[in-house]
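Trainee: Chain residues, written in single-letter form:
Number of protein chains: 2
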Amino acid sequence: MRRGKPTCHRKFGEANAILAGDALLNLAFETISGIRPAERAVCILCEISTASGTHGMIGGQVADLEAPARKKTLAEHDFISRYKTGALIRASVRAGAILGGANTESLAALTRYGEAIGLAFQIADDILDVEGTTEELGKDAGSDQARGKATYPALVGLEASKARARELVEMALEALSSFDERAEPLRAIASYIVQRKS
Amino acid sequence: MRRGKPTCHRKFGEANAILAGDALLNLAFETISGIRPAERAVCILCEISTASGTHGMIGGQVADLEAPARKKTLAEHDFISRYKTGALIRASVRAGAILGGANTESLAALTRYGEAIGLAFQIADDILDVEGTTEELGKDAGSDQARGKATYPALVGLEASKARARELVEMALEALSSFDERAEPLRAIASYIVQRKS
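So the sequence lines, in the order shown, correspond to chains L and E. Okay, so the first sequence: first residue is 6 according to our numbering, each after it adds one. Okay, so the second sequence: first residue is 6 according to our numbering, each after it adds one.
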């Protein structure tokens with residue numbers, strides 16, 4: 006279950022689910038091919054393909070599969086978070102910045118923002134697995150715990166996890182300090198990440 | 006078994022095999038992001054992402070999964086061949102042409118070449134499934150037949166299949182007639198497709 010609905014592979018079968026994933030990946034790149042000027046398109050292409058490949062999301066997913074569930078250290082959990090979920094969040098922020106023609110300084114600030122909310126997102130996810138209800142989450146609450154998966158709360162405790170998530174949101178907002186009100190949606194996203202219930 | 010070796014999902018498990026496929030897809034696009042000038046990169050990106058997505062390889066694969074095995078018509082089989090294997094062969098040829106700065110006329114000729122060898126490849130594959138030995142193929146010979154899969158020989162007979170494959174190779178070579186000796190590797194590939202034993 007995800008967001009209250011059966012997952013794709015449950016509903017349409019494994020073969021179709023794998024193909025749907027590949028199709029969406031291709032569609033993302035097909036979309037990038039329509040960006041002009043072409044220089045920005047290839048720059049965004051590099052960001053997204055790197056972040057979702059072996060040096061990003063897939064690398065993190067493989068590390069997550071390989072690490073023995075109960076023995077993960079905080080450093081390993083951080084590594085996995087940074088790659089598995091963080092890399093693509095960071096790349097999404099950077100892609101928007103590049104598309105908007107951001108200068109080097111703004112791009113660096115937005116990268117810091119993206120890295121901070123990426124890690125905050127994973128910690129918030131771990132906290133929700135402990136505190137959320139199955140109804141709110143749309144998937145089984147406590148499922149990470151039950152499978153003995155290393156989570157932030159399991160590694161450092163619930164209160165320290167919440168403090169770390171808040172700290173990361175502060176860092177994200179701080180990174181946006183030189184931007185005007187046009188950065189409000191990004192500020193709202195940062196706050197939403199730790200306040201969300203699902 | 007493929008080429009005499011166990012398939013990826015047999016050797017490394019399904020999760021890793023799915024991730025390996027996604028990783029290679031990302032790596033292809035990451036490689037494209039390094040092409041300059043950028044205008045050619047986005048053009049190639051569009052070719053490859055379209056050919057491997059829902060309007061290409063994946064669309065053909067889904068059609069193949071959905072069509073009831075024994076009831077496929079020749080038209081359906083052609084459709085599936087053109088998408089599942091043909092689209093990416095066509096795109097590979099076009100990508101090379103674009104990379105080399107081909108003019109409109111040369112690109113059109115190379116596209117005809119790519120479409121012809123793409124279809125010839127699938128027919129040759131079907132013929133090999135009937136005539137090849139398991140040792141030569143590196144996978145079980147006759148496996149398509151055994152699963153009742155619609156193949157060219159099953160639909161039109163072995164001799165007509167061979168004639169069609171030869172005809173397509175002739176069309177491919179004809180498409181290259183205006184090119185000089187630098188097109189020899191492409192001519193060799195066209196001939197190889199119907200002569201190969203695995």
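Errors might be hidden in some of the hints.
You can't tell identical chains apart in this list, so a pair holds if it fits in one copy or across any two.
Cut-off 27 angstroms, straight-line C-alpha distance, at most; resulting in silico cross-link-like pairs (BS3-like, lysine-lysine) [said to hold, decoys possible]:
| hint | residue 1 | residue 2 |
| --- | --- | --- |
| 1 | Lys167 | Lys16 |
| 2 | Lys76 | Lys10 |
| 3 | Lys16 | Lys89 |
| 4 | Lys16 | Lys154 |
| 5 | Lys76 | Lys89 |
The hints are simulated quantities; they were obtained by calculation from the structure and are not laboratory data.
Trainee: With 27 angstroms as the alpha-carbon cut-off, assign the pair Lys16 and Lys154 to within, between, both or neither.
Mentor: both (26 angstroms within a copy, 25 angstroms between copies)
Trainee: Have a look at Lys76 and Lys89 and pick one of within, between, both or neither, based on CA distance no larger than 27 angstroms.
Mentor: For Lys76 and Lys89, only the intra-copy Cα distance (18 angstroms) is at most 27 angstroms; the inter-copy one is 43 angstroms.
Trainee: For Lys16 vs Lys89, is the C-alpha pair at or below 27 angstroms within one copy, between two copies, both, or neither?
Mentor: both (25 angstroms within a copy, 24 angstroms between copies)
Trainee: Please work out whether the CA atoms of Lys76 and Lys10 approach to 27 angstroms or closer within one copy, between two copies, in both situations, or in neither?
Mentor: Neither: 32 angstroms inside a copy, 34 angstroms across copies.
Trainee: One pair to classify: Lys167 and Lys16, alpha carbons no more than 27 angstroms apart. Within, between, both, or neither?
Mentor: The answer is neither: 35 angstroms in one copy and 41 angstroms across copies each exceed 27 angstroms.
The structure does not agree with the numbered hints 1, 2 stated previously, though it agrees with the rest.
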